[in-house]
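Using the sequences and the hints given, assemble the complete structure.
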Amino acid sequence: MIFAVTASLLGLLALSIPVGIVLFLLGIGVDQFFTPFPLLRGLGQVVWSSSNSSTLIAIPFFVLLGEILVRGGIAAKTYEALDKWFSWLPGGLIHANIGTATMFSATSGSSVATAATVATVAMPQAEKLGYDPKLFSGAIAAGGTLGIMIPPSINLIVYGFLTETSIPRLFLAGLVPGLVMAVAFMLVTAALCKVKPSLGGQSRSFTWSERFVSLKHLLPILVLFFVVIGSIYAGWATPTESAAVGVAIALLIAGFNKGVSNEMIKLCLLGTVRITAMIMLVIIGAYFLNFTLTAAGMGRELKELLVGLNLSPMGTLLVVIALYIVLGFFIETLSLMVATIPIIVPIMVGMGFDKVWFGILLIVLIEMALITPPVGLNLYVVQGARKNGRLSEVMLGTIPFVLVMVAMIVGLIFLPDLALFLPEYL
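Position 11, counted from 1, in the sequence shown is what my numbering calls 6; the numbers after and before it change by one each time, with no gaps.
A couple of the hints might just be wrong.
Cβ-Cβ distance ranges computed for the label pairs, FRET-style [as the list claims (entries may be wrong)]:
1) Gly347 - Val401: 15 to 25 Å
2) Ile320 - Val190: 40 to 50 Å
3) Ser307 - Val401: 13 to 23 Å
Derived from the structure by calculation, the hints contain no laboratory data. Each residue gets a CB set at the ideal place from its N, CA and C atoms; glycine is no exception.
Put into structure tokens, the structure is as follows:
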């Protein structure tokens, strides 16, 4: 059954059928061929129970928050400010890409939205200033992945919902690894541009007065982050309530910047509906698939397979990591999470691994899937913003940042406190 379901999943995805529909079709197939029970009769209850959760309300709010920041003109001003502060480093504007991605990761919660935002603002500058297109675009694609690690993160909300894990604890656990990876991205960029200066384009300098004046464009984003995240950990608001407060503050910021109009509000709402509908279809479809797989004994088969390998818990973890890396080449990231978490996480927790720690490790693997071909979404988002050149250039440009993610995986395995220190301390 494991082979049949995996092959069917890859085959249906290869036909370009929407992921949510694929999950429903697989669930129906499992019901028809692998179990005598009429599981299809439970579809209505599964759809209702999987979507009837107040936790999920946070998703459209955080999506709307990111839409407002993008369409309200805040991204361009943030980028200009960070450019002034990072221009002195080797590869100056590339650091602005990573810095802007980091700041928007701390507000939008979506990797694709973060990559699209930075790419739209940054790409016109790349050719004009003579930057290497591979490294420049690769840094944007990699920086965008921080959107699902640094809180608030839609993917961490989904993980918490599926595994019944505290979302505030997950947010805390993702903060340090996310910031460490952002710094590591910048260090790798600086090292590459130092060794080969032609990668970094023209060097520019700004006066200290210009830099300090630009801080006014960074302050709103910082305030928004501390209000949204601070209200959660102060106990003043749930993640859903803090997201709603964040939307209100983002509207005020956009209004102050004269970025609010009827057309802007319309586009923000339409974008939110589209993205939220896609996410919910995937979640509901995955719930139905997991319902049929559980009834058909898939979890038992997978557990027997892993136990049959006679590996230690660490050996099993390495097999699971390899499995996610391979699946990440072919399956869209949210779908990969939702389809595998209910099966894999109980097995890993049963072997003694911390549920919060494994969630952060999984997010790093999902980040890697976002920038590895052939299905890495961020690759296509950045290439779409470039409007010229080859997709292979973006792929090559992400290689140094993929290596950073591999190093982070190793670091989380040998130093689990990277993820667990803040949740345990606070």
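Outcome of the hint check:
1. Gly347 - Val401: 15 to 25 Å: Since Gly347 and Val401 have Cβ atoms about 24 Å apart, the given range 15 to 25 Å holds.
2. Ile320 - Val190: 40 to 50 Å: violated (28 Å)
3. Ser307 - Val401: 13 to 23 Å: holds (21 Å)
Comparing the model with each earlier hint shows a violation of hint 2 alone; every other hint is respected.
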